[in-house]
Amino acid sequence: MHIFRKAAVLGLIAGLGLSGAAALAADDPIATRQAIMSSVGAAAGLGGGMMKGEIAYSPAAGKAAIATAHAAALSFGDFFPAGSDQGDTGAAAPIWEDADGFAAELAKFQAATASAAQASGRSGPADIDAFKAAFGPVLGTCKSCHETYRKKN
Amino acid sequence: MKKAAIAIVMLVLAGAGVGWGLSAPTRISGSEAAALKEGDAARGELVFWAGGCASCHAAKGASGDDLLKLGGGLRLETPFGVFVAPNISPSTADGIGSWSLVDFANAMTHGTSPDGENLYPAFPYTSYARMSGADLGDLFAFLKSLPAVDGKAPPHELGFPFNIRRGLGLWKRLYLDPAPVIAAPAAGVEVDRTLWERGRYLVEGPGHCGECHTPRDLAGGLVLAQWLGGAPAPTGEGKIPNITPVENGFGSWSAADIAYYLESGFTPEYDSVGGEMVHVQENMARLPASDREAIAAYLKALPPVPTASD
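Read top to bottom, the protein sequences are chains P and C. 1 is the number of the first residue of the first sequence in this note's numbering; add one for each residue after it. 1001 is the number of the first residue of the second sequence in this note's numbering; add one for each residue after it.
By construction, these hints were calculated from the structure, which means they are not laboratory data. Cβ atoms here follow ideal geometry from the backbone N, Cα and C, with glycine treated the same way. Some hints could be false.
[Said to hold, decoys possible] DEER-style ranges, computed between Cβ atoms:
id: 1; chain 1: P; residue 1: Lys52; chain 2: C; residue 2: Thr1194; range: 26 to 34 Å
id: 2; chain 1: C; residue 1: Glu1247; chain 2: P; residue 2: Trp96; range: 34 to 42 Å
id: 3; chain 1: C; residue 1: Gly1116; chain 2: P; residue 2: Glu54; range: 50 to 58 Å
id: 4; chain 1: C; residue 1: Ile1164; chain 2: P; residue 2: Ala82; range: 38 to 46 Å
id: 5; chain 1: P; residue 1: Lys52; chain 2: C; residue 2: Gly1021; range: 31 to 39 Å
id: 6; chain 1: C; residue 1: Gly1159; chain 2: P; residue 2: Ala111; range: 41 to 49 Å
id: 7; chain 1: C; residue 1: Gly1249; chain 2: P; residue 2: Trp96; range: 29 to 37 Å
id: 8; chain 1: C; residue 1: Arg1286; chain 2: P; residue 2: Glu54; range: 18 to 26 Å
id: 9; chain 1: P; residue 1: Asp98; chain 2: C; residue 2: Asp1115; range: 37 to 45 Å
[To be verified] Keeping only pairs whose Cα atoms sit at most 35 Å apart, straight-line, the calculated DSBU-like set for lysine-lysine is:
id: 10; chain 1: P; residue 1: Lys151; chain 2: P; residue 2: Lys63
id: 11; chain 1: P; residue 1: Lys108; chain 2: C; residue 2: Lys1069
id: 12; chain 1: C; residue 1: Lys1069; chain 2: P; residue 2: Lys132
Given the sequences, and given the hints that come with them, work out the whole structure.
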């Protein structure tokens, strides 16, 4: 009995915590999308560092960079609700004024990460050349979106 | 009384006369014109990318070979009104097909059209004025080799007084100066002088970096004391960054970081290039690596300008 109550309380706390996190994401889409994009930046830093030869290549690291970018590509677009152009954001007005154009850029990003994820397989691209072939096109999509849909800074 | 009135009228007329004289479009000198030679189109292609001609004169969103179709039409929405980039393809009817090399040099370095009109400085002749005659000759040869595009671009959409071209003559007297902006590398910065000079030429001349990265005064002239210190974006939202070596800012970029950014479009933190800089970076990526290193050397040796707070 005692144990059950404890479990219930713990479950309640966990549930509250989860709903709190969900509420946070919904309430603050700017913070959420910024966190997602910073994970892309980190993946690009890891991948780019390996491509430049500043970080030693390993298939596991290559897989991490690709998987991070892929997860971000699939989720990122869900955090631009109407009205979230206001606030501390680098998101530019054309995201909402030209929603189709923005969706097309997102689709390019998703297509590049999807083929990279496929090439990556279970254990990641075998060597740096395989990684470059998979991840290079992903990096190539950054600027075509940032050209129009991010504010200058 | 009558005498005073006459005197005032005469003074006004004299003032108007002086204003008319000062606003007259200027041209290159006879000896400068004589020294110009039609150049080499292959070398001119590099000048073309360095100068970023396609970024405004090709169709919006153009890539690949379409960057060489310079029919104009891009709209630059600025606080002064909308400037529409003209057709500079070799079309005789609608472009610059009938221009001579001297006409071209007058436009590039004096902002004066073949029929003697002042051109708007949305066309960055304030920077191009620093270009060498050899580069102008090579660039002209390259432009002549490109496909002719028919059709004139629509006119600019400007309100009074900016729609009076003659008045630009006065503006040019104030702001058009082909002298270098930066006389020497900042004290204490060790730099290869030849590399630095090449970087200065590219940044201050054809690259026309200052046109966006330097703030402007109310009349639209560059504030040279804050050279490359960052500015509000001339079109659209946001700010153009300070690219002088300031602490806690661009100063943390090494020369190799700058050259890599110009080649790849990635900052040291692996953020990507954005906005109009995408075109600029893709143009710079077409230059020899030594030119990107020269630009980096010049930027690292600039006097730091504090970033304006907003």
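Right, here's what the structure says about each hint:
1. P:Lys52 / C:Thr1194: 26 to 34 Å: 27 Å, holds
2. C:Glu1247 / P:Trp96: 34 to 42 Å: Holds, since glutamate 1247 of chain C and tryptophan 96 of chain P (Cβ atoms, about 37 Å apart) stay within the stated range.
3. C:Gly1116 / P:Glu54: 50 to 58 Å: With a Cβ separation near 56 Å, glycine 1116 of chain C and glutamate 54 of chain P satisfy 50 to 58 Å, so the hint holds.
4. C:Ile1164 / P:Ala82: 38 to 46 Å: 43 Å, holds
5. P:Lys52 / C:Gly1021: 31 to 39 Å: 58 Å, violated
6. C:Gly1159 / P:Ala111: 41 to 49 Å: 45 Å, holds
7. C:Gly1249 / P:Trp96: 29 to 37 Å: Once the Cβ atoms are compared, 31 Å apart, the range 29 to 37 Å for tryptophan 96 of chain P and glycine 1249 of chain C holds.
8. C:Arg1286 / P:Glu54: 18 to 26 Å: For glutamate 54 of chain P against arginine 1286 of chain C, whose Cβ atoms are near 25 Å apart, the range 18 to 26 Å holds.
9. P:Asp98 / C:Asp1115: 37 to 45 Å: Since the Cβ atoms of aspartate 98 of chain P and aspartate 1115 of chain C sit about 39 Å apart, the hinted range of 37 to 45 Å holds.
10. P:Lys151 / P:Lys63: 31 Å, holds
11. P:Lys108 / C:Lys1069: 26 Å, holds
12. C:Lys1069 / P:Lys132: 33 Å, holds
Of the hints listed earlier, the one the structure fails to meet is number 5.
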